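Keeping their order, the protein sequence lines are chains A and B. Take the first sequence: its position 44, counted from the start at 1, is 44 in the working numbering, and no numbers get skipped. Take the second sequence: its position 66, counted from the start at 1, is 1066 in the working numbering, and no numbers get skipped.
If you're looking for bench data, these hints aren't it; they were derived computationally from the structure. The structure displayed is predicted, hence computed values, not measured ones. Certain hints may be false.
In silico lysine to any residue, SDA-like type, Cα no more than 20 Å apart, as pairs [unchecked claim]:
#1 B:LYS1256 with B:TYR1268
#2 B:LYS1044 with A:LYS179
#3 A:LYS179 with B:ASP1315
#4 B:LYS1044 with A:PRO64
#5 A:LYS196 with B:ARG1023
#6 B:LYS1359 with B:VAL1348
#7 B:LYS1359 with A:LEU82
Residues per chain are reported as follows:
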Amino acid sequence: MREARVIRRDVSGPRKDFEPHDTEDLDDTVLVDRARADPEAFAALYHRYVQRVFHYLLTYAETPEDAADLTQHAFLRALEVLPLYQHRDLPFSAWLIRIARNAAIDTFRRHRRMLPWDHLPEAGHPLAPEDPEGMALRRESVNQLRLLVAQLPADKQELIYLRFAARLTAGEIAAVVGKSEAAVQRQLSRIIQSLKEQYRETDVQQ
Amino acid sequence: MRPMSNSELQAIYPDLLPDPDDRDTVRLVCDLDAALTAQDLPQKLRSFTTLSVMASEPAHPDRPLAPLPGWPTPAPLTQRTRPGSPQSWHRRVSRRPARSATSTPASSSRRWSWRRGFALPAALALLAVLVGVAVAVTNLTNLGRPTNATFEYLPIGSYRHVGPPLYQHGKTEILFVGTQWDSASAAERWPLVKALDQFGTWSGLAPSMSHVTVPRGAPPAADVPTYDWTRSRLRSPYVAFAHEDIVDRSGHRLEKLTPRETALFRRYDPGQQLPLVLVGGYALEGADVPYGDLEDNLGRALLFSAVQKALQRDDSRSYRQLVDDINAEANIITALVCHADGKRPASVCSRPAVKHLLKHVQ
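The following block holds chain B by itself, in its conformation from the complex:
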């Protein structure tokens, strides 16, 4: 590639070279351009024919994969167990023992008054603790109301259609495989918490930070705020959410994939990029939410509370990229669940952003 003349440089970078006589700036711009564009195009990129052949190949990684042989084919929705049927989760029968009939009325009356005097403050204290826990958990899942944010030019982001949706006990199955240390997993938890909060109730969430360590000499990478899912659970009549953080913040093994999860991971994440998110027949390898959204302009991590408040207030003025990316990603996840679950609940799946995205879901 021949070097560029000053006039050619001026034509390409007029905004950076307001003064053609500023030799220092001209030299800098020239050196930057040369350093970043000097590499010759590899042979395999020089012809469109190669790409054209790849696009027509049925076995291309971007093409939907056929279901694994031997896997149970999910039954049509009308035949599956629906929420509300006798088998569904919220119909558990209480097995509390019946009250004993041996005590006499008088003695039972004395015992009752003594117990009542002691039991009431204890009950109130327990209630206060439960309320406090509920408020804390509720606060952690309060990431603001859903918005209509979408990725305008990539409606369903980087999700690939890989096959039919997966179900467990009649519920749409969602699998997250990540680590507690990497920033991509950290970033992707935010839209998942927000999206799935519409389909059920979270418990056991805790705030946390990623913990990236980089090789010596590499630029530092900020730890970013995220959720700790170690003790968390999502109770939902629509979704069966499984999350596996295979390594903790210190780099030690944490959770182990089940054989089924291992098969899913190998099948839908051959590059073993993390996190892997499987939902509604779509797979996301890596994160759609850049972890840089969770850093300030100086590359320092935002506080967990700052991220949460930005989302609660839909503060796109101060945190536009963060708010837009997390909300848009949450809407994608929501649409994928709605698509797999026959658009239930209607209050969630009839939102304009979700309906818009459903048009792009296979």
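With the rest of the complex left out, here is chain A:
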């Protein structure tokens, strides 16, 4: 099994306002070791990952409140079993999402909602024109997109949610789902290609 990376990868996008400034440059392994010695130090890891875990669990939950409860449950479990975590085989992010995933499976038994984004605010395209008609067209496109994803087989949906909602890399996803990194990468590329074709067709039909 490959060695765990020691370089911190900032794949979470624009820095969220929840992570303390003094820990943002520290690797997960350092934060885990600190948290083992002092559970209060778990706060840094919590703030680093809470949004990703929440967004991922939102793909299972009925409401944001349910997702929030499940997020708390997942972090509590992670805190409890932190002494058992091993750096060498699995990045912390993947380990945490796996705990969250198990918690979600326990709770919802993989019966995902068909339209997991009903409660989301309107998704705005960064390049969309700032006009009502443009926004309405964008809303309709995203609605079509969510239907396309919902029609995917469950395992392919899972890959999309792990990549986008949880923002795991292909290697981390591989560790969660028990496949090789190359297989995950291939499958994600194929899913994106297929969705792109269908997404383009829905635009044409509009």
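Fit chain B to the known structure of chain A by using the hints.
Frame of chain A; chain B shown alone:
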């Protein structure tokens, strides 16, 4: 949350955006990201303090629960009835009536020869039926040899320690509450059959399928292969296994919980998630084995025989997730039983995977 620029998008999804000039893919990836990450974090998640307080509260659901007041405290192992003692199950006394002494030697000889001529083919036929049944049942419980699979990062899976082990007549009590229709119950039966086969002998098993019905408009859910436990029984000197499927495949009420089982269910499954598995002072709400393991890549249910063969052959090449998950879960159940029962039988409880898991059992 401000929208991301293309360069930020490229930084997060380089694997999906090999060509930054492919506007269709950029748009798709951007829309997916926005749709799945746009929800603001609820207020109660914004501070670690809330979680910290929850973690320190003694009444947290994840904390072990105190035994119910008024429940009998299980006696220490040395005082309980052990298998092999006069009260144990395998010491039943035969009550067959003695042979009658009224028949004369001659008449009895004629009757015996006539009976022998007729009885032998009947006996052979009965023997063939019994052997056939035994082979069929044996085949159904043949899920391969135990392996050393474990869930590496969650050694005892989703089992929670909820209190001291429960016992019935000196045996470790295991309770399963589920339904015949839901896929989670269906999935969890596989590791239970495999694990408990080490502690006793199954009878009355039959192959079956779950039968999930979903609301209109919801994505279809595959029925998955499982066991029908309606007429099954586990004879064991170590384990008292009770299973209740409260609803059948058609959604009708089937088996009723006893008052004691109802109290256990209410106590250890307040969320009423199914299945509930209680073993060795641990509770599992829901299934640790995802029912997706019992489907192929296209979401179609595997055949019962395919699952069984995969486990018999330990075919992790073709069915890695299925084989690993069921075997790992079976090892957890085994370890929990071993822990509650003083690590008997030794041949089962001394396996490396079980010994490894016992270190994580309270």
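Results for each hint:
1. B:LYS1256 with B:TYR1268: holds, 18 Å
2. B:LYS1044 with A:LYS179: violated, 35 Å
3. A:LYS179 with B:ASP1315: holds, 15 Å
4. B:LYS1044 with A:PRO64: holds, 11 Å
5. A:LYS196 with B:ARG1023: Within the cut-off at roughly 10 Å; holds.
6. B:LYS1359 with B:VAL1348: holds, 16 Å
7. B:LYS1359 with A:LEU82: Measuring from Cα to Cα gives roughly 16 Å; hence the hint holds.
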